[in-house]
Amino acid sequence: MDSIVEEGGATGKGAPAAVDASRRKFMHRMYNLGLALWAGAAMGTGGYVVGRYIWPRPEGSTTGGERSASFPLAQLDEQPMVKLLVEGQPVGVVRVGPDVYALGLVCTHLGCLVGWNPEARQMVCPCHASRFEVTGQVAQGPAPAPLKRYEARISGDTVVVT
Amino acid sequence: MFGWRKKGGEAAYQGENVKSLLNLVSLFTGALYGELDERLDFRTALSRALRKPVPAHVNFWFCFGGITFLIFLIQVVTGVGLLLYYRPTVEQAYHSVVHITNNIPFGWLVRGFHHWGANLIMITVMIHALRVFLYGAYKPPRDFNWVVGVLLMFGLLVFGFSGYLLPWNELSYWATVVGAEIPGAIPVIGDALAYFIKGGDTVGQLALTRFFAFHVVIMPVGMAVLLLMHFLMIRRLGISGPL
Numbered sequence: 088m089d090s091i092v093e094e095g096g097a098t099g100k101g102a103p104a105a106v107d108a109s110r111r112k113f114m115h116r117m118y119n120l121g122l123a124l125w126a127g128a129a130m131g132t133g134g135y136v137v138g139r140y141i142w143p144r145p146e147g148s149t150t151g152g153e154r155s156a157s158f159p160l161a162q163l164d165e166q167p168m169v170k171l172l173v174e175g176q177p178v179g180v181v182r183v184g185p186d187v188y189a190l191g192l193v194c195t196h197l198g199c200l201v202g203w204n205p206e207a208r209q210m211v212c213p214c215h216a217s218r219f220e221v222t223g224q225v226a227q228g229p230a231p232a233p234l235k236r237y238e239a240r241i242s243g244d245t246v247v248v249t
Numbered sequence: 050m051f052g053w054r055k056k057g058g059e060a061a062y063q064g065e066n067v068k069s070l071l072n073l074v075s076l077f078t079g080a081l082y083g084e085l086d087e088r089l090d091f092r093t094a095l096s097r098a099l100r101k102p103v104p105a106h107v108n109f110w111f112c113f114g115g116i117t118f119l120i121f122l123i124q125v126v127t128g129v130g131l132l133l134y135y136r137p138t139v140e141q142a143y144h145s146v147v148h149i150t151n152n153i154p155f156g157w158l159v160r161g162f163h164h165w166g167a168n169l170i171m172i173t174v175m176i177h178a179l180r181v182f183l184y185g186a187y188k189p190p191r192d193f194n195w196v197v198g199v200l201l202m203f204g205l206l207v208f209g210f211s212g213y214l215l216p217w218n219e220l221s222y223w224a225t226v227v228g229a230e231i232p233g234a235i236p237v238i239g240d241a242l243a244y245f246i247k248g249g250d251t252v253g254q255l256a257l258t259r260f261f262a263f264h265v266v267i268m269p270v271g272m273a274v275l276l277l278m279h280f281l282m283i284r285r286l287g288i289s290g291p292l
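Line by line, the protein sequences are chains L and E.
In our numbering, each residue carries its 1-based index in the first sequence increased by 87.
In our numbering, each residue carries its 1-based index in the second sequence increased by 49.
Please note: incorrect hints may appear among the correct ones.
[As the list claims (entries may be wrong)] Listed below are the simulated SDA-like cross-link pairs for lysine to any residue, each with C-alpha atoms no more than 20 angstroms apart in a straight line:
| no. | chain 1 | residue 1 | chain 2 | residue 2 |
| --- | --- | --- | --- | --- |
| 1 | L | 235 | E | 140 |
| 2 | E | 188 | E | 205 |
| 3 | L | 235 | E | 114 |
| 4 | E | 188 | E | 140 |
| 5 | L | 112 | L | 128 |
| 6 | L | 235 | L | 130 |
| 7 | L | 112 | E | 65 |
| 8 | L | 112 | L | 131 |
| 9 | L | 235 | E | 141 |
| 10 | L | 170 | L | 144 |
| 11 | L | 235 | L | 161 |
| 12 | L | 170 | L | 123 |
[To be verified] Under 7 angstroms between C-beta atoms, here's a sample of chain L residues computed to sit facing chain E:
| no. | residue |
| --- | --- |
| 13 | 139 |
| 14 | 140 |
| 15 | 172 |
| 16 | 173 |
Derived from the structure by calculation, the hints contain no laboratory data.
Note that the coordinates shown come from a computational prediction; the quantities given were computed from them, not determined experimentally.
Where is the CB? At the ideal position from N, CA and C, for every residue including glycine.
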């Protein structure tokens, strides 16, 4: 803009003033550039976060966590029930005789986590004393439905729960 | 850089056309620095509205009203974000909140902002009220603004109480059961009031729907009106004097 005037008048006493003006102009440009970069970065990051958040995802691809979990079979010798997460849900694995059972631990009554009673061979809810057989069937109320059953396979010396 | 702002009769540049085009494309900056501003003079209008000198005794403690409003705006934005996924039914409310937190990209961030904003705003609004009280800023002619401010603070409490139920977990359920008993202790109208709040004798689906309506529609509209009054009055009356 002013550069034509400056170049034309950059002789004699006019020169220092022209240098000062362009220096100020440079600082101004750098300031604006920094502001623009900052605003761009902020809008880019914010736009990315908002875009990812609001963009719909297909149902079914939304369960968190692993779809299967495994642990060494010997662990069942040390503890009566092995707890793990399958698709983000708590699952307990117990052994009764030669068989291994995997049950979802969320009580179907009010959602407390049930525990394993080795003597009775039942899952017992600490909240309202619902009892479940190792197959998940309700042995005693108030639970209205059986526990969720998972498949537990013994493969070599590991147990795979799906 | 500011060459295009010069009126006609001066030498035009090749680059200015590009700049003008860029400014028209980027309306956001164009409104303040480009063609739009040249025609409508937003900058002067904005500076008239925003550039307000404050007295010299204003210090950090005077900022908490503004900080409260900033958090309120954050609550509005993140609340609208949560509204995209939240489902206000007893079957789905809790699962939708878990879904937002665990599965939606940055859902944990949006919910976290809303959760912590709700906590922080009570702290900042208390500091704001305390500052106004200790400076005697509630005295006439600002007494009506104090009244509106107290109403706003009660509004925030209602916001917090109604929002607390929405995740529909054990904590929020029993907090609401207990909380709804408090108005029940008011003489004469207490029982009717508790019945009205809960939408029935017990906290159930109707209570959730009701709290949801209060939290996302009724309260925000009421708060917006009160906030406008609050700001207009402080603008008209000015900031109170030093201690």
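Hints versus structure:
1. L:235 x E:140: 18 angstroms, holds
2. E:188 x E:205: The given pair, whose Cα atoms are some 23 angstroms apart, is violated under the 20 angstroms limit.
3. L:235 x E:114: 52 angstroms, violated
4. E:188 x E:140: 50 angstroms, violated
5. L:112 x L:128: The given pair, whose Cα atoms are some 24 angstroms apart, is violated under the 20 angstroms limit.
6. L:235 x L:130: Violated, at about 46 angstroms.
7. L:112 x E:65: Holds - the C-alpha atoms of residue 65 (chain E) and residue 112 (chain L) are around 17 angstroms apart, at most 20 angstroms.
8. L:112 x L:131: Answer violated: residue 112 (chain L) to residue 131 (chain L) is near 28 angstroms, above 20 angstroms.
9. L:235 x E:141: Distance ~19 angstroms between residue 235 (chain L) and residue 141 (chain E) Cα, so the pair holds.
10. L:170 x L:144: 30 angstroms, violated
11. L:235 x L:161: Measuring from Cα to Cα gives roughly 24 angstroms; hence the hint is violated.
12. L:170 x L:123: 53 angstroms, violated
13. 139: Nearest chain E Cβ about 4 angstroms off; hint holds.
14. 140: Hint holds; residue 140 (chain L) Cβ to chain E Cβ min 5 angstroms, cut 7 angstroms.
15. 172: 12 angstroms, violated
16. 173: 15 angstroms, violated
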